[in-house]
Every structure is written in structure tokens, then in C-alpha cells.
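J.: One-letter residues, chain by chain:
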Amino acid sequence: MRVALLSLYLQLALVIGVLVVVGSLLIVGRGRFRHIQGEYRRRFRRIAPHLALVGLVLFLSTLLRRVGTEVSWLVGRNITGTIHAIEGDLVAWMQTFATVELTWFFTLIYIFGYAFLLVFPLVAYFVLPDLRMFRVTTLAYTFNYAIGLVCYTLFIAFGPRNFMPDEVESLMYVAWPQIELLTTHINVNTNVFPSLHTSLAVTVVLLAWATRRTYPRWLAVATPLAVGVLIATMYLGIHWATDVVGGTVLAVVAVWLAQRFAADTGEESPITRLGLAAIASVESTIRRLHGSQ
Amino acid sequence: MSETGEEHGRPMRRRAVLSSASLAVAGSMSGCLRRMRTLMDAETPEQVTIEIKTVPSDDDTAATQIARHLEGNLDKIGVHTDLVLVREDEFHREVLINRDFDIFVGQYPPYDDPDFLRPLLHSRFGNEQGWQNPFDYTDLTLDEALEDQRGNAGDERRGIVGDIQMDISRDQPFTVVAMPDEIRAVSHDRFDGWRRFPLGNPLSFLSLDRMDESNTSLRVGMTDDRVTQNLNPISVEFRRRGTITGLLYDSLARRYDGAVRPWLADEWEFRNEGGTTIASITLRGGLQWHDGTALTADDVAFTYEFLEDTSLSQRDAPIPSPRFRGRTSLVTGVQAIGDREVRMTFAETSPEVAERALTVPLLPEWIWEGRSGGAELGGVSAAEHITEALVTSNAEPLGAGPLQFEDSVAGEELVLSPFEDHFLHTNPPENYTDTFGAAPAFDEVVISVVRSGDAAVQLLDDGAIDVTLSTLNASVIPAIGQSERAGLRVDRSRQFYLVGFNTQTGPLNNPHFRRICAQILDKEGIVDEVFDGFARPIASPLDGTRWLHDELEWDGEDPVVPFLGTEGELDVEHVRSQLTEQGFEFGAGGELLRR
Chain A
1 MRVALLSLYL QLALVIGVLV VVGSLLIVGR GRFRHIQGEY RRRFRRIAPH LALVGLVLFL
61 STLLRRVGTE VSWLVGRNIT GTIHAIEGDL VAWMQTFATV ELTWFFTLIY IFGYAFLLVF
121 PLVAYFVLPD LRMFRVTTLA YTFNYAIGLV CYTLFIAFGP RNFMPDEVES LMYVAWPQIE
181 LLTTHINVNT NVFPSLHTSL AVTVVLLAWA TRRTYPRWLA VATPLAVGVL IATMYLGIHW
241 ATDVVGGTVL AVVAVWLAQR FAADTGEESP ITRLGLAAIA SVESTIRRLH GSQ
Chain B
294 MSETGEEHGR PMRRRAVLSS ASLAVAGSMS GCLRRMRTLM DAETPEQVTI EIKTVPSDDD
354 TAATQIARHL EGNLDKIGVH TDLVLVREDE FHREVLINRD FDIFVGQYPP YDDPDFLRPL
414 LHSRFGNEQG WQNPFDYTDL TLDEALEDQR GNAGDERRGI VGDIQMDISR DQPFTVVAMP
474 DEIRAVSHDR FDGWRRFPLG NPLSFLSLDR MDESNTSLRV GMTDDRVTQN LNPISVEFRR
534 RGTITGLLYD SLARRYDGAV RPWLADEWEF RNEGGTTIAS ITLRGGLQWH DGTALTADDV
594 AFTYEFLEDT SLSQRDAPIP SPRFRGRTSL VTGVQAIGDR EVRMTFAETS PEVAERALTV
654 PLLPEWIWEG RSGGAELGGV SAAEHITEAL VTSNAEPLGA GPLQFEDSVA GEELVLSPFE
714 DHFLHTNPPE NYTDTFGAAP AFDEVVISVV RSGDAAVQLL DDGAIDVTLS TLNASVIPAI
774 GQSERAGLRV DRSRQFYLVG FNTQTGPLNN PHFRRICAQI LDKEGIVDEV FDGFARPIAS
834 PLDGTRWLHD ELEWDGEDPV VPFLGTEGEL DVEHVRSQLT EQGFEFGAGG ELLRR
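Read top to bottom, the protein sequences are chains A and B.
Here the first sequence is numbered in our numbering, starting from 1 and rising by one per residue.
Here the second sequence is numbered in our numbering, starting from 294 and rising by one per residue.
Any given hint could turn out to be false.
[As the list claims (entries may be wrong)] Sample of chain B residues lacking proximity to chain A, with all beta carbon distances greater than 12 angstroms (derived):
| id | residue |
| --- | --- |
| 1 | Gly551 |
| 2 | Asp632 |
| 3 | His718 |
| 4 | Ser763 |
[To be verified] What follows is a set of in silico ranges between Cβ atoms, one per label pair, in the way DEER data are often shown:
| id | chain 1 | residue 1 | chain 2 | residue 2 | range |
| --- | --- | --- | --- | --- | --- |
| 5 | A | Thr82 | B | Arg887 | 21 to 31 angstroms |
| 6 | A | Leu74 | B | Glu699 | 27 to 37 angstroms |
| 7 | A | Leu5 | B | Arg887 | 45 to 55 angstroms |
| 8 | B | Leu781 | A | Val67 | 52 to 62 angstroms |
| 9 | B | Asp632 | A | Arg77 | 50 to 60 angstroms |
Calculated from the structure, these hints are not laboratory results.
On a predicted model such as this, the values are computed, not experimentally measured, just so you know.
Even glycine gets a Cβ: it sits at the ideal position worked out from N, Cα and C.
Sequences are here, hints too, so could you generate the full structure?
T.: What follows is the structure, encoded as C-alpha cells:
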């Protein structure tokens, strides 16, 4: 099964790669890339620690997912019934409009559209003269994930496809069974509230709005994509509308926190300074080892 | 003096007025207070609230849907119903161990003999864990009958078991819903011989033929990942029907082809000594555990002692293994005589029933003895009534079964290999080689966790796996039909779906209410919509066996608790009138009120 999972990740990487290249040409423009020629190394050193931070949170969440789930069953509150009591059969109603084409459309948005939404801003903001937006983005992602994880531990919630299988089908898994390998590798079916898909998608749109003068086309692309992701999470029976609302609130909070805490310049950013120091010490160690040979 | 008199008169009159007034006030006040007390003490009728507990659709979509159906109809008759979904192992913990439920919907593990009804319903098991009377049900007549059937045989026993079924369907401590078909996908190109035994029976792995010398690895798909987390044969939360542990661990006898047949035991003999049934059992020679240690009568004696009390008398009260409880509760004593002889005594049990006890997995003493202590969490004793034996994950299981443990990756896969020194290969009895073959048909069994039934069929079609061990949903059948490699396999099962009641909580402690709960279940409709027709509606847990009572055969509707409605629509008025007849009351908004 490892091979199947790997091939799925490769598929994902390939498609995202192509989309990012196209997006870079059409939305960012070759000009910006040419402009920073020669600065790649310097910039990368400055943003690497921020990427590492996001990677660390992701890595820890994977590591702790099993433990977190057990803790969740111990201390968490089972709110599936409450959510259903609040919102009723909204998702079931959405699925009454289901067609095979719509299902494939939303599946592709949910998997590929979403991944592209998350990756592209990192590329687009990397080539800006000021790296602050990049830092804000990675911080926003980190806050989203961290707060999301706390919510997952505190709340146990199954999605509509698990709660009311008579009315809500797992449309994505019926259309593309193998993708379940990927989705269950990343998340657990009790972690439905809040919708991290929603929160990260809305985060990207909020940031796109903030950079709307620099990248007007990005806002025009990101917004419908994000709306598509939000609809997809419900249409595919994975999330309740309540989760989407919760995710939106989480996005606002995360972006606010990120804007608040991101340093104005690279020199002031503690993460950048820490990262640069770490890279410097690694490089000097390598040089010493090299020299001693 | 008139003034004084008058003076006196007025105050006296006033006092009189005051006193009589105050008396009057006091009188009416106390009357008022008394009224208040009467009104306050009288319980304000509240709506009946019931919580239905089951697993999410990812774990067992049939259970979820049956629970939703019940929830919907309970809502219609004015009960405030909450549906609580709990992950499968957590469900077992909450329902079967902690008994934390009002109603649960689940599937009973496959049974081998009607005696399973004894631990399921006898009142003396109400305090125990696992599938031992989770309903906390007490009925003295039923208790007697359950004890009776144990000591009887043949037609006599059949009659008693028939009465028991009628009792159960009248009082509904639980409601049986349907007997599902077991749907699986199999391919025959690399390994064949699957048809000899129902898939799911461990023996189905032992009757295979290798279609080509190069086929070394039998690849199995399972949608339940619990076998990759825990291989403890006596764990309640982690076992479904015990197929894999039934291959890792062996027993004195196994039940197949309609009878209990010698397995690790070569032969046994029953005799009656003054009311006590005694079995003299002889083990085969040269039996070994997977690590080469000799398996002797001492191990047998230890196993039965241990399953009866996993704390080995270290606690005030015995802590038996909830699994196999029905079988081990038949045994009153076990004695090892020499290396290969075992003497087993049973109280008030006919040989026909006593044979059940021989199908229990044998455990190696030197490993399990050390697990008789209390379960600990980080070195601190966690609970008084749970031994380590019940919660250990038994990560590297050591048994005497035809397959042995090789490797496992939690959540992903489990690898087993044939045990070369198993008696089936070293010393098979005459007719056994016809059924089981002299040599193993594979060099290893790789069990992979697959995410869903659809994924399983895809993998089978791609040639990545050879068979699905987990049962699949009827929705995969079209995909199986379209596949070239995957073949459809449908077996009848004995794993009925049931709605279990906590008979100690109101209003479920009222058998009339329970009967009505049974009657708001449209079993035929459920079979159609939930199982796509791949199930049978049933009125008795023994449906499909020769033990079924004639009057409980399904004839279009439940003969004892028929659905109160037509064409799938509940007749709410009819149900309300039935409830009213039983003394229930309804509120202004149609809510069913608590008494």
C-alpha cells in the first residue's frame, strides 16, 4: 500500500508543479523572477526557517495524530449530534444536486485546487521585494494548524457522511476510492470541526486581498477557488456547514495573529534570525569537516 | 369603667380580629404552602430522552443506518433521541465494558451453539464485562431455562431452546434486526480452494491450493486495522470475529462441518459420575508452541484456569476473560494428568454442550502468567477490575496455531507465516489431508489494511491482493461484477444485528416499551434499504439454524413484534395509542412523557 500512497503523492506534486509554473507566468510574471536573480540564495536562507516551522507543525501533527486521537476520546466532547441538531440536513440537501460531473469537479478542487491554493502564495510572495508577506503566510498557516489541532483534541465530530450515510454519500470515495489512502494519511475522520480545508483556503483569500494591489489577478483566481473548496467540503459530505463557519472564524483569527506577530523586517524576525544562525553554524561545521580532511 | 371597658374592648376585639385574621392568614398560607409542596413534589413530567449509541458509517454503515432509522421513528413517537457515534473499539469499551448506554446498535459475533444465549441473558452475568448480559437483564424463568438447556441434549434440549426463544421475543431484552450476508471479493487465479469453508472461518486458510509454485505470498485485504494494533485473543475491543487470532492460536478441538472435531486433542471421552460430566482428553503427541517448546497438558490446565480468572486468584473477585466466557463458564475443574492427559469436569452440562468448551484458544503459561497483575498506566495501577491480560496488545503473539507471527506495522499490515511444526504438516491424521492438504499453500500471508470496500475491490482487480477478509457492503457488487479478476463470494452469516437495551433505565426497563421499540423497526425495509437485499429480516437470533422455533419463522413480518406501519411508513397514531394503553402519557406537543 506504500507504493500506492507514494504514487498518489507524486501525482499531486506533478499537478501542483504544473499549476504553479503556469500561475507564476500568468499571475506573477517573469519580470519579478528576473528581478530577483542572484538573490535566490539570500532569500531562501531567510525564509527557510519559516518553512521549517510549518513543516515542523505538520510533522508533529502526523507524529502525534494517533496519540492526539486517543487523548481526544479521553477528554474530548462528542459534538456530532449537537452539530446536526444545529444545522439539520443542509449537506444532504446539497447532495440532491449531485451529478457524476459535479462530483469529479469538486473532487479535483478539493484535492488539487486546495493544494495549489496553499502552495502558490509561497511562490508568489517569495519573489516580492519585501519578504514580510511570505512570513505572514507561513505564520498564518502555522497558527491555523496549531489551533486546529487543539480543537481536534477537544472535540470529537464525525462528518455528515459518517453520521447520516442514508442521506449523505461519501461521494469522493465512490468516485475515486484510492484517494482515501491519501486523505486518511493526512487526517482522521473524527477531526471534522473546524474544517481546516476551509480555514486555510479563507486564509489564502484574506492574504490575497491584502496583496490585491500587487497581485490583482491572484485575488481573482484565489477567491473562486476558495469558494469552490468550501462548497466541495460540504458537497462531498465530508464537512458540516458548521465546520465551514468554524473554519472561517479560525482563518480570521490566524491571519490576525500572523499579521500581529510577523516582524516588519527580516532583521527583526526572531524566526529568521534563529534560522540564519542555525544555517550559519551548519555551514561552518561542514567547512571545518571539509577543511580537516 | 366604660372607658377602660371600651379600651379593653377594642384591643380585645382587635386581638380577636387579629388573631382570627392571623389564624385565617396562617391557615390559608399553610394551605397555600401545602398546595405548593404537593405541586412541587409531584414530578413535573419531562420528555423521555434516549441516547442511541453506535459506530460511524466508516466502521459499519449498516449499524449507523439502522440506528438512524430507529432514531427517526423514536422521534416521531415523541421521544427526544440523541444519536451518538463512537469509533469501533471505543464503542466496545463504552457499551460492553463500561455499560454506558441507553440503546446500542451493533453486530453480535458469530456463535457456534445456542448456549451462547446463556452468558448473553442469564442474570448472573449482569455484572460481568464483554458480551455477558450487557443489557443487565433479569428474568427468573429465563434463567432457569438457560440453565436447563445446558444440562440437556437432543430433542429435550431443542424444546427448551425453543421456549427460550419465545421468552426472548416476548420480552425483548434486545431486538434482533437482520442476519446479513457476508459479501467478499475473491480471486482464484493464484490460490484456490476457498469454497471448502465459509471465508471468515480460520480453516478457510488451511484448505487452499497453490495454483503455481511461484505463488508464495497470499495477500489479504482488511478494512479493519485492529489486527495490526493488537493481537490479544482475549481483548474485547480489538477482536471482531477472531479469524486471525484463531489462526495464531489453536484449541483442543475445532467446530466444522457440523460437529466439534479433534484438533490438538486426539480424542476425548465423556462419562457421567453422579451428576457431574467428566471428559478425559488426550492430546496428540509432539505438539509444540511456535517457539519450539512442547505443548503439554499443563498448558491446557493453565489456559482454562486463566480464562476463568485472569488474576489467578490475586484479587478478591475473579476477573474472567470476557471472550469465550460462555464456554469457560461450563468448566468447573481442569486437571493435567501426565503430559498428554487432561481431566475436565463440568457441572450440570450435557456432553453435547460441554464440547463447546474444547474450542477455546490455548495460551502459553510462561507468557500469560505474568499478565495476571492489575493493568497499569505508566507504572501506576489503573483499575482494580482489569488485569494486564485483558488490555495487553500482545504485540508478538506466541501460540500453537497453524500460522505464526512474522511482522506488523501498526495501521498498515500484518505478516504471518505457516508454522512448519504444526501437527497438520508433521503428523496429520488420515482424513485430515483430504481437507487440509499436507503442505501449506503459501509461504506467507500478508494482511494489508485497505481504506474501504471500493478500494479493496480495486486492489483485487489490480492484482495487489487476492482476497478480502473483511465483509464488504453490497454497494461494491457492481464493481466486482465489472472486474475480471475479482469474483463475488457471498456466505450466510450468524452475525445478527441487534438493538440492545439497557433494561435498568426507564422507560427501557418496561418490557412493553421495549416491545414497542421493536415494533417501530421496519425490518423488511431495513433489509431492502440498508443491506440492498443482502440480508434476512429475523425474529429470533437462531434464525437460519435448526434450532429456530417454528413460530418465529419470518413470514413477511415479525410474528411476535410486527412493524406498526405499512409500506415503510410508521403509523404514529397506532403507536401512540399502544403506548397510552400501557399507561404512558403525551404532552401538548406530542412528546412522550416520563412517568
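J.: Starting from the range 27 to 37 angstroms, see whether the pair Leu74 (chain A) and Glu699 (chain B) falls in it by beta-carbon distance.
T.: holds, 33 angstroms
J.: Hint says 52 to 62 angstroms; check whether the CB-CB distance for Leu781 (chain B) and Val67 (chain A) agrees.
T.: violated, 40 angstroms
J.: With 50 to 60 angstroms as the target window, see if Asp632 (chain B) and Arg77 (chain A) comply at their CB atoms.
T.: For Arg77 (chain A) against Asp632 (chain B), whose Cβ atoms are near 57 angstroms apart, the range 50 to 60 angstroms holds.
J.: Does Gly551 (chain B) clear chain A by more than 12 angstroms, comparing its Cβ with all Cβ atoms of that chain?
T.: Holds, since 37 angstroms exceeds 12 angstroms.
J.: Holds or violated: 21 to 31 angstroms for the Cβ distance of Thr82 (chain A) and Arg887 (chain B)?
T.: holds, 22 angstroms
J.: Is it the case that His718 (chain B) keeps its Cβ farther than 12 angstroms from each residue Cβ in chain A?
T.: Fine: 31 angstroms to the nearest Cβ keeps His718 (chain B) off the interface.
J.: Could you check the hint for me, namely that Leu5 (chain A) and Arg887 (chain B) are 45 to 55 angstroms apart, CB to CB?
T.: holds, 52 angstroms
J.: Beyond 12 angstroms on every Cβ pair: is that true for Asp632 (chain B) relative to chain A?
T.: With a cut-off of 12 angstroms, Asp632 (chain B) remains clear of chain A, as the shortest Cβ separation is near 44 angstroms.
J.: For Ser763 (chain B), is the shortest CB-to-CB distance to chain A above 12 angstroms, so the non-interface label stands?
T.: Ser763 (chain B) is indeed farther than 12 angstroms from all Cβ atoms of chain A, at 15 angstroms.
This entry does not satisfy hint 8, going by the numbered hints stated previously; all others are met.
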